[in-house]
Each structure stands twice: as structure tokens, then as C-alpha cells.
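Chains as they are written, first to last, in this note's numbering: chain A, 31 to 385; chain B, 31 to 385.
All the pointers check out, no bait thrown in.
Result set (SDA-like, lysine to any residue): computed pairs, CA atoms no more than 25 angstroms apart in a straight line: (1) Lys183/B <-> Gly71/A; (2) Lys183/A <-> Gly194/A; (3) Lys185/B <-> Asp81/A; (4) Lys185/A <-> Arg186/B; (5) Lys183/B <-> Asp78/A; (6) Lys105/B <-> Lys236/B; (7) Lys283/B <-> Leu366/B; (8) Lys57/A <-> Ser140/B; (9) Lys57/B <-> Ser140/A; (10) Lys60/A <-> Arg251/B.
Hints listed in this document are in silico derivations from the structure and should not be mistaken for laboratory results.
2 protein chains.
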Amino acid sequence: MGGEKKKQALTDIGSLGEFGLIDHLTKGIKIRHPETLKGVGDDAAVIDQGDHVSILTKDLLIEGVHFDMVYTPLKHLGYKAIAVNLSDVYAMNGEPRQVFAGLAISTRYSLEALEELYAGMLLACDKYQVDFAGGDTTTSPSGLMISITAVGKAKREEVAYRSGAKPNDLLFVSGNLGAAYCGQLVLQREKQAFKANPQVQPDISKYPYVIERQLKPEPRRDIIRMLRDAGVKPTAMIDISDGLASEILHICKQSGTGAMIYEEKIPVDQRMAQVAHEFNIDPTTCALSGGEDYELLFTISQKDYDKVKDMTAIHPIGHITEAVQGENLFTSSGQLVKLTAQGWDPLKGETGSKE
Amino acid sequence: MGGEKKKQALTDIGSLGEFGLIDHLTKGIKIRHPETLKGVGDDAAVIDQGDHVSILTKDLLIEGVHFDMVYTPLKHLGYKAIAVNLSDVYAMNGEPRQVFAGLAISTRYSLEALEELYAGMLLACDKYQVDFAGGDTTTSPSGLMISITAVGKAKREEVAYRSGAKPNDLLFVSGNLGAAYCGQLVLQREKQAFKANPQVQPDISKYPYVIERQLKPEPRRDIIRMLRDAGVKPTAMIDISDGLASEILHICKQSGTGAMIYEEKIPVDQRMAQVAHEFNIDPTTCALSGGEDYELLFTISQKDYDKVKDMTAIHPIGHITEAVQGENLFTSSGQLVKLTAQGWDPLKGETGSKE
Chain A
31 MGGEKKKQAL TDIGSLGEFG LIDHLTKGIK IRHPETLKGV GDDAAVIDQG
81 DHVSILTKDL LIEGVHFDMV YTPLKHLGYK AIAVNLSDVY AMNGEPRQVF
131 AGLAISTRYS LEALEELYAG MLLACDKYQV DFAGGDTTTS PSGLMISITA
181 VGKAKREEVA YRSGAKPNDL LFVSGNLGAA YCGQLVLQRE KQAFKANPQV
231 QPDISKYPYV IERQLKPEPR RDIIRMLRDA GVKPTAMIDI SDGLASEILH
281 ICKQSGTGAM IYEEKIPVDQ RMAQVAHEFN IDPTTCALSG GEDYELLFTI
331 SQKDYDKVKD MTAIHPIGHI TEAVQGENLF TSSGQLVKLT AQGWDPLKGE
381 TGSKE
Chain B
31 MGGEKKKQAL TDIGSLGEFG LIDHLTKGIK IRHPETLKGV GDDAAVIDQG
81 DHVSILTKDL LIEGVHFDMV YTPLKHLGYK AIAVNLSDVY AMNGEPRQVF
131 AGLAISTRYS LEALEELYAG MLLACDKYQV DFAGGDTTTS PSGLMISITA
181 VGKAKREEVA YRSGAKPNDL LFVSGNLGAA YCGQLVLQRE KQAFKANPQV
231 QPDISKYPYV IERQLKPEPR RDIIRMLRDA GVKPTAMIDI SDGLASEILH
281 ICKQSGTGAM IYEEKIPVDQ RMAQVAHEFN IDPTTCALSG GEDYELLFTI
331 SQKDYDKVKD MTAIHPIGHI TEAVQGENLF TSSGQLVKLT AQGWDPLKGE
381 TGSKE
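Using the sequences provided together with the hints, build the complete structure.
Below you can see the structure in the form of C-alpha cells.
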């Protein structure tokens, strides 16, 4: 008993950094069953089912870490909880089919609040045609925790891992980046204003686009299907949950490559750039490190370029290089900058990350 | 903003009770994909994979609700977190193959503490030959939360649902019941003694059996395999996480039947009965309502009785009746008592339950 008293003499979990911690804890893991085609280290696990594969992913959303009840409507929260897991399945080039939800709730939530949360989850299930297939509900001593598991399906040869990028492959992103982060900046500012003077109602009507990107992200099913219809299979793919820089490093690490991207090619929306300037932040920084956009980052073989060059929803931002060249950003002012992961620092407690 | 201010006018989640709450929230759910053979309402979901089925289950374990760090060694906790999910897969008559773990950790945990937790999870994976195939790690503003998803495999015709029991089927339980609950009583008493006087080290050496049943439950793979080897498929099956009474009600509700069980047939261990008496609790009450034993409750057709009658690890406790007869306990003193679920009351915050 009282085993925590010794903590001071032990190693702080923050000292390893996010990826160090995960690598350290999972290094002893061995896979026993040949059907487990992919375990830790991608957006999702892949299980061989004979004539097809299952794709499995899970995520935890914790109140006070991933969402703030002051400015997160519960219906949006339920929708987002499902959406971000579906995004992981799409990022493997699969189609999600079932979701499972585990909820831990404190008794300060009313039945009506839970109904809103469920309504949001079921709305996302409806839109993306997945079955809400189970889970569990329990009490929480404080706050709300949501654990979602999503299960998808794909042909074995269709699965896009993080590890398949090759030098000279082209790097693409869908949509635009940085907006979800800017939405969070606005919401946090309004929260502070509200705390300072509760009589002042927040004015978020000026920023509908970035706030919607933060509160109600949409997984890019459309991109996956568009590429499939065009006969293009990404050589590597990942969804952008932690920011573009971090995801590029994931692909390069798993693929054993480097990458070169061009600042002027990074797609940013004018409405995001306006908010970024209001906060005195460089829009490129929002795109590289903001996270939560749930766009797709993927690589394709150069031979497929003609098939995608007229698609306006995706944007080439650079190419894959040999590993020795590292991961670099060529800035609009002509400088070459090394890409660094912002990642997740457990001591800061900002955001989560997949193993 | 400030949406929680209205709470007083809203419906308390405790007012519906556990099963009322879950029924209420999940009643709008429709299944779209024919491959989703079973969604909410059993120990696990079942997904058709063509020549076999996948069995999926998930559970949340929350510090302060499901475990108390004062008396739960982290290695045991990791082991138990995996074990209870494997138990759900066995309760569907499947073999678990992969597990996924989501952890939310506060920074007061050291790296060494997390290593212990992982060591326990991997030990259970090793013993039950399942692959640790992924998950995610994030921060928690307070305490430790563990979300496990287990995936199993079975032939489609082998799956044992809660809904398959028929009148005159025989009811069996494996092992013995009530010990895990008595283990918790001992641990809680020692915690109180420790809080009253930290100089007094807890004396739990007198109760190794019940404490082990609480801290390190073993899922009953042996029972599943023994029945399979004997050519017996349970008509219905469930694992005992909430207590025998509650699980019998689940089977009866899903099967549209009643049940009659006999107090004198309920298997209790002498070491459990001794602790129960020390706490002035009836051992039968511990067995009926204690929970966390992770034994199996199952029904078999009478024609299979000869195949199982010499198995010492399982015990007939009664039989299934028509629904109109209800669920009853025939006590050792000759009284007929209606079985009632203790279930989970969100206001008490005692334990969780599967949807």
C-alpha cells in the first residue's frame, strides 16, 4: 500500500517524450497470429479475414484534455468522437462498418445531455453508414470520457499503410490545413472573455468556418472513393490529427525515407489565415503543427499523377526523398528548414496520439 | 456556454437505473449491414467475416470506480484489464486473438508504473495467446483510465448468444462464486485501517484466495475448450461480472424465458464463506450479487447432460422455465424467492455494465 510515495525517485513519463514513451512501452510486444497483419504503428490495426481484411482503430477522448465542455456542444462532441475514428479507417484506405462506444460519465450529466451525445454519435453513424454495434457505460468520478472503437473492411491489397512511400513518390494533402486549430484559438479566447465577465455573451458568429472545422470535423470518405474510382492506390497514407509536420515524419519513419515539401504549396484557407493573423501566428505554423484537421496526407507513385492532376480537392505539396536527405520544408522566402514534430508532451497534456 | 447551469431542471441519469438508461439511449439504433450479426445486447458484438465470425468487446476501467490504486498493484491491474475482456469473448464461445489498449494517464504516474501496467497486460496476452495489436495513449487530468477492446474468432455456428436458452435447458456455472467480492471487502477494510493508522501495515496474508480472485481473475478458456472437446455447445452463455442474479436475468430477458435455481446448488468456496461470515454477510448473497468472479453461466440442452455430468469444474444450479414463471431462487430453507438484479446504479457509482 502507499506505493505512490516513492514517485520522486522514479522516471517522469514526460522525460521520454510522446514517441519515446510509446516505443519504450511497446518494444516487448510480439505478434503471434499470422492473421494480425499490422499491430501497433499505423492509424489502425489490420487483421486478415481470409478474402478481406478488418481494420480496427480506437481512440480516447477525455474531458479537459481533448475537449472543453464550456464550448463543446454535446451533439458535436458525439459526432466528432465517431468522425475521428472513421478518419483512421479511411486513412488505411478502408470503409468503416461498425463502431463501439465506451462512456464514463459523472452524475452531473443529465439524461438529456447523454441523449445529445448519443444523437451526435448516431448522426455520424448515419452519415457514414456505419453500425453502432455496442460498448459499455460506466460512472466516472469526474468529467466525461469517451472511448470509441471503429471497425472497417478492405481488400487486402487495397490497404494503405504508413510504410509504403518510396523516393520520388508525390506527397498530397486533401482540403486545407490549420483551420481546426484556429477554431480552437477562437473558442479558447471567448471562454476567457466569458470567465472574465459572464454577462458578455461570446461572439463567435464572425468565425463560423474555423469553429466548424474544430467542433465538427468530417472524415474524408470522398477522397478515398475518388482515388479508388480513378484507379489510384496511395503508396502510403495517414490522417492529419497532430499537424502536417508530425504526420510527414510518421510516414518517413515507417517508410524509411525523407521528404521535401514546399510552403507555398501547403493549402490554407483564407478564413483560417485571417484568424491566424488576428492571433499573430503564421498560417503555415498552424498548418504544420495545429492538428485536428482530419484531412488525409498521402503519397502516390509519379506514374499516377495524370489520373489525379485535375482533382481540385487534393493538393501536391512535395515529394518523398531518400532517407539521408531528411524531412525538409522549402519556405516561401527560399530557406530550407528541417521539419520537426510538435507531437504530444504528456507534461503539457495537450493532445493524444496513436501508438 | 454555461449549458450545465440548467441541470437542476433536467432528468437525473440515476432515475432510470442502469438497464433503463442503456435501453433508453440505444433504442434508436438500427443495424444497416447484414454482416453485423449482433450489435448491442450481448457480451460482445458479432461480425460475419464469410467463413467465420469476429467477436468484439470493449470495456472501460476507471480509477476510483473499478479499481483503487491504494490496494491494486499495477501489474495485476493490467492483467485484469485484459482478462475481463477475454472473458467476454470466451462467453460468446469464441477464442480471443487480438487486444487493443487505450490508456489515459495523469502525470503523477512514473514510467516504472506504466511499465508494470504494460507488463501485466502483456502477461495476460502471453498466457491466453492473444496479440497486443495497438491502441492509444493520452493524458488524463486525474487518475488512470484503461479502455480495452478484445477481438476474437469463432465459427458462425459455434457462437453462444445470451438469447438461445429454452425451457427445460439446464443452467450451469463454472468454478465458484462470491470470492472476488469477498476479496474486495478485505482489501477495503485494510485500506480503512491503513488510513486510520499508516504505521500499521495491512495484514492480508490470511486471505490469499479471495484477494487473488479479486485482483487477478482468470477467464475460463478451459471451460470453453472442455465443452467443445465434449461436443457440447451451450444454448446460451454469459460471463459473471455483475453477480449471478443479474446474469440470470440477462439470459432470461434475451431468451424470453424464466429460470429456477437452487441455493444449495450454488457453488461457494469454503474460503469465501469464511470471509463472508467474518463480515456478517450471507455467502449466497455474495454469490448472487457480488460480481467480478468472471466465471461462466451457461445453459445446455438436457440431451447433453450425460456428456458433462462428470465434469467437476462446472455445476448444475437449476433450469430454464417458461417466461411466465419468472426467475426464482429456491432457498435452502425451502422458500421461493424472486431473483432481483443488483445491477449498477449510476448514483452509487459502484461498477460498470455492458450495453
